[in-house]
Structure formats: structure tokens, C-alpha cells
Amino acid sequence: GAGVSQTPSNKVTEKGKYVELRCDPISGHTALYWYRQSLGQGPEFLIYFQGTGAADDSGLPNDRFFAVRPEGSVSTLKIQRTERGDSAVYLCASSPYRRGRQETQYFGPGTRLLVL
Amino acid sequence: GENVEQHPSTLSVQEGDSAVIKCTYSDSASNYFPWYKQELGKGPQLIIDIRSNVGEKKDQRIAVTLNKTAKHFSLHITETQPEDSAVYFCAASEGNEKLTFGTGTRLTIIP
Chain P
1 GAGVSQTPSN KVTEKGKYVE LRCDPISGHT ALYWYRQSLG QGPEFLIYFQ GTGAADDSGL
61 PNDRFFAVRP EGSVSTLKIQ RTERGDSAVY LCASSPYRRG RQETQYFGPG TRLLVL
Chain R
117 GENVEQHPST LSVQEGDSAV IKCTYSDSAS NYFPWYKQEL GKGPQLIIDI RSNVGEKKDQ
177 RIAVTLNKTA KHFSLHITET QPEDSAVYFC AASEGNEKLT FGTGTRLTII P
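So the sequence lines, in the order shown, correspond to chains P and R.
Under this note's numbering, think of the first position of the first sequence as 1, with each following residue one higher.
Under this note's numbering, think of the first position of the second sequence as 117, with each following residue one higher.
Calculated directly from the structure, the hints in this document are not laboratory data.
Treat the hints with care, as some may be off.
Label pairs and their in silico Cβ distance ranges [stated by the list, open to error]:
| hint | chain 1 | residue 1 | chain 2 | residue 2 | range |
| --- | --- | --- | --- | --- | --- |
| 1 | P | 7 | R | 176 | 33 to 41 Å |
| 2 | R | 155 | P | 62 | 30 to 38 Å |
| 3 | P | 68 | R | 171 | 40 to 48 Å |
| 4 | R | 188 | P | 78 | 32 to 40 Å |
| 5 | P | 74 | R | 188 | 34 to 42 Å |
Computed footprint of chain P on chain R, listed as stretches where at least three residues anywhere in the stretch have a Cβ under 8 Å from a Cβ of chain P [claimed, not checked]:
| hint | stretch |
| --- | --- |
| 6 | 141-151 |
| 7 | 154-166 |
Computed list of lysine-lysine pairs in DSBU-like fashion (alpha-carbon distance at most 30 Å, straight line) [what the hints assert, rightly or not]:
| hint | chain 1 | residue 1 | chain 2 | residue 2 |
| --- | --- | --- | --- | --- |
| 8 | R | 138 | R | 184 |
| 9 | P | 11 | R | 158 |
| 10 | P | 15 | P | 78 |
| 11 | P | 78 | R | 158 |
| 12 | R | 174 | R | 187 |
| 13 | R | 184 | R | 173 |
| 14 | R | 153 | P | 11 |
| 15 | R | 173 | R | 153 |
| 16 | R | 187 | R | 173 |
| 17 | R | 187 | R | 138 |
| 18 | R | 138 | R | 153 |
| 19 | R | 158 | P | 17 |
| 20 | R | 138 | R | 173 |
| 21 | P | 78 | R | 153 |
| 22 | R | 173 | R | 158 |
| 23 | P | 15 | R | 158 |
| 24 | R | 153 | R | 184 |
| 25 | R | 184 | R | 174 |
Even glycine gets a Cβ: it sits at the ideal position worked out from N, Cα and C.
Same shape as in the complex, but just chain P (with noise of 0.2 Å):
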């Protein structure tokens, strides 16, 4: 079936701008995550949407960031007025929900965000 999708793939963008980055999550997945991942790192939880609200924000590193999932499915992260520190991987993942027991998170192959 159909993994996660995100898009754009690469976004380049000039100092000061904003972004808006999607994901699509697999179909019934009612679990969705975002990660942030800089070169030669491992991802870096950044916000966690169960249905449509957002569960855990804990990630986002400043209001500049912002996510939603207005009907439970495709996510938008939205970055205002983007820095050069911005620059990294975005990526996507999505999973099943089961109470108290944490299922597979499946990843997209993410959008690489460079900020000049």
C-alpha cells in the first residue's frame, strides 16, 4: 500500500520567509509525527498529533513553528520568518494507535528545507 508521502521533497527559501511543509500519513493511521533531522544526526521529535489535535508539542523549538491537522489526516508544519539554522531534513511518520503501547512509526522520506 501506499507509505508516507511528503511534499514538497526540497524546498529552498531566502532568510525571513515562511514554508508551509505536508505530509500525508497512511490511510487509518490516526498517529502522526514530526521530526526535525540535521546533517549527521538522528531526528529530533518535534510535535505528535493524535486525530486531529496535537498531543504533544514539547518538540517545537520556538513559536515560530507551528503544525496542524484540521481532519485527522494530512499534517502541515508551518515555519514563519525562517532562519539559516532552519536548514535540515523534515520528516514525517506515521502509525497506528493502540493505547499504552507505542506501534510502528513509518517514516516518509521527508523535505529537505534549505534556508539562504
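Start from chain P and add chain R according to the hints.
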């Protein structure tokens, strides 16, 4: 919060030999430990995982062991092949929670 350390950062082995990657975690409440393989330009792909109620799990050439007392877990790849070359990440989680990843191991299989 959880902290995961991973060693070594790079590992080169002859084709056919075994490779072992080790991780330690800090949060005793963590109960799920996946391993991901990441190839250049792609997202991480799960290769095996283990939960805290078992000490070892095997899937063909890949095995994972978990020592909850010592808070460490290891990935073992036997009979390595060139296609095993990639970056491998360990991670830890406490049930329906975010994954905390290690810093990765770049594995190179020498033909």
C-alpha cells in the same frame, strides 16, 4: 527526558562478518526500542524492534538484545552483505510517545 547514546559512530566490516551496534538509554520508563536503517536521501526504515517484556528478538540475519537492568540494547547483523551499508539509528520510547533517537552508526560493508 530520555537520552539515547549510540556507539560506534562508524563501523566497517568485511562482507560476511558480523556487525554489532550498541545503545544505552536513561529513562527506565522506556519500553519500546526500534532500530531504523536510513539510506542516503531516504527516510528511516524500521528493521526490527523490541519491547521491554522480552530480552531478545531475531529476524533472519538481524537480532536485537535488550538488558533492562543495565538500560542498554544492541543490534546484531550476521553474514553482512553490501546492501547492509547504511546509517543505523536506535531509538527509545515510552508507549505512544515520541521516539528519542541515537546519533547513528554509519555501517560500511567491505566487499
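Verification of the hints:
At about 34 Å, the beta-carbon gap between residue 7(P) and residue 176(R) stays in the expected band of 33 to 41 Å. For the pair residue 155(R) and residue 62(P), the beta carbons lie near 31 Å from each other, so the given range of 30 to 38 Å is met. Against the hinted window of 40 to 48 Å, the Cβ-Cβ separation of residue 68(P) and residue 171(R) comes to about 41 Å, which satisfies the hint. Separation of residue 188(R) from residue 78(P) is about 38 Å and conforms to the stated range, judged on CB atoms against 32 to 40 Å.
With their beta carbons about 38 Å apart, residue 74(P) and residue 188(R) fall inside the hinted range of 34 to 42 Å. With 3 residues having a Cβ less than 8 Å from any Cβ of chain P, the stretch 141-151 of chain R passes the three-residue criterion, so the hint holds. As drawn, the stretch 154-166 of chain R meets chain P at 7 residues by the rule of a beta-carbon pair under 8 Å; at three or more, the given contact holds. Of the supplied pair hints, the one linking residue 138(R) and residue 184(R) holds, its CA atoms being roughly 14 Å apart against a limit of 30 Å.
Among the hinted pairs, residue 11(P) with residue 158(R) is consistent with the structure: their alpha-carbon atoms are about 16 Å apart, no more than 30 Å. Our distance criterion of 30 Å between C-alpha atoms is met by residue 15(P) and residue 78(P), whose separation comes to about 15 Å. Restraint check for residue 78(P) and residue 158(R): satisfied, since their Cα atoms lie roughly 22 Å apart, inside the 30 Å limit. Distance hint between residue 174(R) and residue 187(R) is fulfilled; the C-alpha atoms sit about 19 Å from each other, no more than 30 Å.
Taken as a hint, the residue 184(R) and residue 173(R) pair is honoured in the structure, with Cα atoms around 14 Å apart against an allowance of 30 Å. For the given pair, residue 153(R) sits about 24 Å from residue 11(P) by alpha-carbon distance, which is consistent with the 30 Å threshold. For the hint linking residue 173(R) to residue 153(R), the alpha-carbon distance of about 17 Å falls within 30 Å, and the restraint holds. A distance of roughly 16 Å separates the Cα atoms of residue 187(R) and residue 173(R); the hinted pair therefore holds under the 30 Å criterion.
Simply put, residue 187(R) and residue 138(R) have alpha-carbon atoms about 11 Å apart, close enough for the 30 Å limit, and the pair holds. With a CA separation close to 14 Å, the supplied pair residue 138(R) and residue 153(R) stays within the 30 Å bound. Taken as a hint, the residue 158(R) and residue 17(P) pair is honoured in the structure, with Cα atoms around 26 Å apart against an allowance of 30 Å. Proposed proximity of residue 138(R) and residue 173(R) is supported: the alpha carbons are some 15 Å apart, at most 30 Å.
Restraint check for residue 78(P) and residue 153(R): the C-alpha separation of about 28 Å stays at or below 30 Å, so the hint holds. Among the hinted pairs, residue 173(R) with residue 158(R) is consistent with the structure: their alpha-carbon atoms are about 26 Å apart, no more than 30 Å. For a cut-off of 30 Å, the pair hint linking residue 15(P) to residue 158(R) stands: about 26 Å separates their Cα positions. About 23 Å separates the Cα atoms of residue 153(R) and residue 184(R), which keeps this hinted pair within 30 Å; it holds.
Distance hint between residue 184(R) and residue 174(R) is fulfilled; the C-alpha atoms sit about 18 Å from each other, no more than 30 Å.
Against the hints set out earlier in the document, no violation occurs for any number.
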